[in-house]
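Construct all of the structure, not just a fragment, from the sequences and the given hints.
Residue numbers (the working numbering), protein chains in the order written: chain D, 1 to 549; chain X, 1 to 170; chain Z, 1 to 253.
Any given hint could be a false lead.
Here are the simulated BS3-like pairs of lysine-lysine, each with C-alpha atoms no more than 27 Å apart in a straight line [to be verified]:
1. Z/K194 - Z/K236
2. D/K250 - D/K277
3. Z/K214 - Z/K229
4. Z/K72 - Z/K24
5. D/K501 - Z/K72
6. X/K58 - Z/K194
7. Z/K103 - Z/K76
8. Z/K214 - X/K58
9. Z/K24 - Z/K103
10. D/K534 - X/K105
11. D/K122 - D/K250
12. Z/K103 - D/K501
13. D/K250 - D/K48
14. Z/K227 - Z/K194
15. Z/K214 - Z/K194
16. X/K150 - D/K250
17. Z/K214 - Z/K227
18. Z/K72 - Z/K103
19. Z/K24 - Z/K76
20. X/K150 - X/K105
21. Z/K76 - D/K501
22. Z/K103 - Z/K227
23. D/K501 - Z/K194
24. Z/K214 - Z/K236
Covered, in the sense of this in silico footprint (three residues per stretch, anywhere, with C-beta under 8 Å from a C-beta of chain Z), are these stretches of chain X [what the hints assert, rightly or not]:
25. 28 to 41
26. 69 to 77
Note that these hints are calculated values from the structure, not bench results. Idealized CB from N, CA, C, for every residue including glycine.
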Amino acid sequence: MTLTFEDLQGIARIEEDRQEGFRHRIHVCVAAGCLSCQSGLIKDTLEKEVSRRGWENWCNVKGVGCLGLCAAGPLISIQPDGTYYQGVQVSDVSDVLDSLGGEPLSRLDCSGQLPFFQRQKKIVLENCGLIDPERIEEYIGRAGYEALYNAVRLMTPGEVIDEVSAGGLRGRGGAGFPTGLKWTTVFKAVNGTKFVVCNADEGDPGAFMDRSVLESDPHRVIEGMAIAGYAVGAAHGFVYVRAEYPLAVKRLRTAIAHAERFGVLGNNIFNTKFSFKVEVRLGAGAFVCGEETALIASIEGRLGRPRPRPPYPAEFGLWGYPTLINNVETLANIPSIIRRGGSWYSGIGSESSKGTKVFALAGRVNNTGLIEVPMGTTLRDIVFDIGGGIPGDARFKAVQTGGPSGGCIPEQYLDLPIDYESLAEIGSIMGSGGMIVMDEGSCMVDVAKFFMEFCMSESCGKCVPCRVGTTQIYNLLCRISSGTAEPNDPARLEDLCDVVKRTSLCGLGQTAPNPVMSTLRYFGEEYRQHIEDKTCPAGVCQVGGVGEV
Amino acid sequence: MEAKVHRASESLDDARRRFVDRTMRRHGYEAHALIETLHSVQEHFGFLDTDSLRYVAKSLHVPLSRVYAVATFYHYFSLQPPGEHTCVVCKGTACYIGGASDILKGIEESLGIGPGNTTEDGLVSIVTARCLGACGLAPAVVFDGEVRGKMTPAAVLDTIQRWADHDADV
Amino acid sequence: MTDRDYFKGKPRTDVNPVRILTFKIDGRDVTAREDETILTVARQNGIFIPTLCHLDGLSERGACRLCMVEVKGSDKLFPACVTLPRQDMEVMTDSPRLNEYRKKILELLFSERNHVCSVCVSNGHCELQDLAVTLGMSHVRYEYLYPRHTIDASHDRFSVDHNRCVLCLRCIRVCDEVEGAHTWDVMGRGILCKVITDLNQPWGTSETCTGCGKCVHVCPTGALSEKGKSVSEMSKRRQFLPYLEMMRRESRK
Chain D
1 MTLTFEDLQG IARIEEDRQE GFRHRIHVCV AAGCLSCQSG LIKDTLEKEV
51 SRRGWENWCN VKGVGCLGLC AAGPLISIQP DGTYYQGVQV SDVSDVLDSL
101 GGEPLSRLDC SGQLPFFQRQ KKIVLENCGL IDPERIEEYI GRAGYEALYN
151 AVRLMTPGEV IDEVSAGGLR GRGGAGFPTG LKWTTVFKAV NGTKFVVCNA
201 DEGDPGAFMD RSVLESDPHR VIEGMAIAGY AVGAAHGFVY VRAEYPLAVK
251 RLRTAIAHAE RFGVLGNNIF NTKFSFKVEV RLGAGAFVCG EETALIASIE
301 GRLGRPRPRP PYPAEFGLWG YPTLINNVET LANIPSIIRR GGSWYSGIGS
351 ESSKGTKVFA LAGRVNNTGL IEVPMGTTLR DIVFDIGGGI PGDARFKAVQ
401 TGGPSGGCIP EQYLDLPIDY ESLAEIGSIM GSGGMIVMDE GSCMVDVAKF
451 FMEFCMSESC GKCVPCRVGT TQIYNLLCRI SSGTAEPNDP ARLEDLCDVV
501 KRTSLCGLGQ TAPNPVMSTL RYFGEEYRQH IEDKTCPAGV CQVGGVGEV
Chain X
1 MEAKVHRASE SLDDARRRFV DRTMRRHGYE AHALIETLHS VQEHFGFLDT
51 DSLRYVAKSL HVPLSRVYAV ATFYHYFSLQ PPGEHTCVVC KGTACYIGGA
101 SDILKGIEES LGIGPGNTTE DGLVSIVTAR CLGACGLAPA VVFDGEVRGK
151 MTPAAVLDTI QRWADHDADV
Chain Z
1 MTDRDYFKGK PRTDVNPVRI LTFKIDGRDV TAREDETILT VARQNGIFIP
51 TLCHLDGLSE RGACRLCMVE VKGSDKLFPA CVTLPRQDME VMTDSPRLNE
101 YRKKILELLF SERNHVCSVC VSNGHCELQD LAVTLGMSHV RYEYLYPRHT
151 IDASHDRFSV DHNRCVLCLR CIRVCDEVEG AHTWDVMGRG ILCKVITDLN
201 QPWGTSETCT GCGKCVHVCP TGALSEKGKS VSEMSKRRQF LPYLEMMRRE
251 SRK
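Set out below in structure tokens:
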């Protein structure tokens, strides 16, 4: 089947009518977070209760993707009223239905968390929590695949790339490489066969943006890939996704099947010469496979060990062909940029970093969950306004961004507008978007040890400095946290960090010392207390057997 | 009787092997299907046994040592048969800050095993995960595929105890 | 195109001629084909750059990080074995900073496993030992990790002592690329990496090993050795590699 633009709009109209036919629409979050507090059961109960009351014709219950406020799950939202209920239990179901059309139930209402919902700017997450991720019609109903139509029917590949460049989009996987430039490189590569790879190997501990996007709005990523394929001249795409995300894998597979059935993937898309297919490849639990060359090796069924670059994947990638590798969030931005224009996109964000960024807010903060804010928002806004502050009025200590490649940002930088450059300046990185808030109950030496243990066990073992150096750093940190360190151990740490950072082969090793270096820089006093006073101020480490036992 | 049991398990193996064959066929028995095939083996056999590794190596024309290297490089693959029940403790940053190490400590004190091991009676395997992506619910633990959030050492041990009690009843 | 075309006055028609470029190593002007690495060119000109995982005739890994060099105008360090020169590039192979990094990497290697030279079959013929002498490594500043590794003497002619292994993976490469057996590979990851034969089974039981012994002779340390050798007796012969490489190049022509 080949779609025309009229078909697309027809589907959208039918879908819109269908939605408007319901006086009340109850959206139950069925992303992984809420599912793990029984939201599936709540959805079933709601559906049963609605049909028992004979309300099917005007009251619709559907499962949607992430509503954002994971801490308060299971979450449901009532549309079109815009009421949000938190912590819904099966016993609440009839009360929720009784209150439809009247006053919201005050005991469950969480619309009071207004800053959380209001302070955000949603582009990537614009459909999350609104559409049923397992129905392509709902995505099309929200202007889905319109951007792909515009791209393949009305624009040349060069124009598509120009639009992306004009938007100023930068890679959301962490390093912030300009997306338009990356696309141009692959576009210019001469070889006939090319590939597009979507990197969904979200390995940072404490980050779940990509998972949520794939679970809540998989078609957006597929559309972004298809547009990328058209722009660079590729006919085949791979999504490399973690096997640890079974729900995301399932929804992605469903979405691909639907997209093929509707003809937005496959041969001669929208009656053009452009053909594009997408395949899913499962990761198998190796953080290093987020690195481009390791990811390619893994798709090829080999050991996920990085190789020296150049040559870059853009010229020599999958099976030696030019390959475009973009992160999930980067690709999810593409449909909006093509639909609304690069100049619209570049109007959002800060001077050097355009658009929005999705963060996974977690740790010691009230509103843990998924948020999307314009680049240049301050940490204070994120942690205290959107995040609702620290539970129990404990004192804020630091925010960790960028996962094991990032650093800990102390209180003094709370008012710093965050973008790629500002974070790098203070010794952290944007990373993929994990943001862990820590209060006075968190020990910085312990946090550094945690990340170093991670890097040590995730090191692929290929190059010497990363393989042995991370182990040596970890051992030193263990000594410090157990109170057996010597006064010059911080100097040793710095020296080792320098070797690993300067001489490692890939990004994993080169950035592995960041958590240690940033904590040494901002919380050196805490290291001193561990080493000289043999105490852990946060009471986490068992320094010399005293501490918290 | 014994022979019969043996035959039954053999036909079970055949059925499961067919799933693995299907995966390899879908990829044209190309060497790059190795990881996908190992996923298929683990899904249907629960772990990667030596016979399966040999079978996959032979079918895909991949050297034995390469198959073993891939199977041990990726932490998702296991060469040990899992226990009857699996308890996955998330060790993502949020869960770590939220007390995942206390949970692991509690398990170790009570069952005497650390992550990556199975109790001697084969009842429970303890596994750690690098972030399940349920950071909003830290610390999270997965009991036989079911994610439960905001866990404490006591709550985890309680569930494990219930597994033991239930199995004792049967 | 043949030599005779020149006499007929025909212009060349191949579109991608290999370019030759000139650049500087340690202030000396050198020339290189565009596909030759900095390491290759340095060696042609008798300039020493320490290496461990590199071996002429095998593919490059860029993993030991000992061959790091500096390039004028960049703060980064570049592995000479996989970096191609650019026109007018200025490469420095020797500086106090480089020497310090190389020594530290070497010390990390020494701290990783149990390298006890005095009882090693390769004592006096060991590349790791030679590098320590050349680079002036006097002590190891890092804590020894003292891992517990085994010796596998199940093969009737060779043995492998994992205590001496530096994970250069030359054995894996020679077995795969030259012998074509792919008996060796590396299991696990990070500090737990270990070279294995077949399904991590005793070497003597390997079904794929041809017993050619190439792995033993490319091994830079005493990790792989011939049986029956005592301390300091195991010297390696690897002249065969360039020969094999040359013969293959000829046969491809």
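For each hint, the structure was consulted:
1. Between Z/K194 and Z/K236, the direct Cα distance comes to roughly 22 Å. Compliance with the 27 Å bound is thereby established for this hinted pair.
2. With a CA separation close to 17 Å, the supplied pair D/K250 and D/K277 stays within the 27 Å bound.
3. The hinted pair formed by Z/K214 and Z/K229 meets the criterion: a straight-line CA distance of about 17 Å does not exceed 27 Å.
4. Taking the CA atoms of Z/K72 and Z/K24, the gap is near 10 Å; set against the 27 Å cutoff, the hint holds.
5. Between the alpha carbons of D/K501 and Z/K72 the distance comes to roughly 20 Å, so the proposed pair stays at or under 27 Å and holds.
6. Taking the CA atoms of X/K58 and Z/K194, the gap is about 23 Å. The hint holds against a cut of 27 Å.
7. Note on Z/K103 and Z/K76: the hinted pairing holds, with a Cα-Cα distance of about 18 Å set against a maximum of 27 Å.
8. Taking the CA atoms of Z/K214 and X/K58, the gap is about 25 Å. The hint holds against a cut of 27 Å.
9. Using a Cα cut-off of 27 Å, the hinted pair Z/K24 and Z/K103 holds, with the two alpha carbons roughly 25 Å apart.
10. Pair hint D/K534 plus X/K105 holds up; C-alpha atoms about 23 Å apart against a cutoff of 27 Å.
11. Distance restraint check for D/K122 and D/K250: the Cα-Cα separation of roughly 25 Å lies within the 27 Å cut-off, and the hinted pair is therefore satisfied.
12. Between the alpha carbons of Z/K103 and D/K501 the distance comes to roughly 16 Å, so the proposed pair stays at or under 27 Å and holds.
13. Proposed proximity of D/K250 and D/K48 is supported: the alpha carbons are some 25 Å apart, at most 27 Å.
14. Restraint check for Z/K227 and Z/K194: satisfied, since their Cα atoms lie roughly 21 Å apart, inside the 27 Å limit.
15. The hinted pair formed by Z/K214 and Z/K194 meets the criterion: a straight-line CA distance of about 19 Å does not exceed 27 Å.
16. Only pairs whose Cα atoms come within 27 Å are accepted, and X/K150 paired with D/K250 is accepted, the gap being roughly 26 Å.
17. Proposed proximity of Z/K214 and Z/K227 is supported: the alpha carbons are some 14 Å apart, at most 27 Å.
18. Pair hint Z/K72 plus Z/K103 holds up; C-alpha atoms about 22 Å apart against a cutoff of 27 Å.
19. In summary, the hint linking Z/K24 to Z/K76 is supported, as the alpha carbons are separated by about 17 Å, within the 27 Å threshold.
20. Taken as a hint, the X/K150 and X/K105 pair is honoured in the structure, with Cα atoms around 16 Å apart against an allowance of 27 Å.
21. The hinted pair formed by Z/K76 and D/K501 meets the criterion: a straight-line CA distance of about 11 Å does not exceed 27 Å.
22. With a C-alpha separation of about 32 Å, the suggested pair Z/K103 and Z/K227 falls outside the 27 Å cut-off, and the hint is violated.
23. At roughly 24 Å between alpha-carbon atoms, D/K501 and Z/K194 fall within 27 Å of each other, so this suggested pair holds.
24. Proximity of Z/K214 to Z/K236 is assessed by CA-CA distance (about 10 Å); at most 27 Å being required, the pair is judged to hold.
25. Only when three residues or more bring their CB closer than 8 Å to a CB of chain Z does the claim for the region 28 to 41 of chain X stand; here the count is 0, and the claim is violated.
26. Here's how the region 69 to 77 of chain X fares: 3 of its residues keep a CB closer than 8 Å to some CB of chain Z, so the rule of at least three is met and the hint holds.
Violated hints, in rising order: 22 and 25; the structure is consistent with all others.
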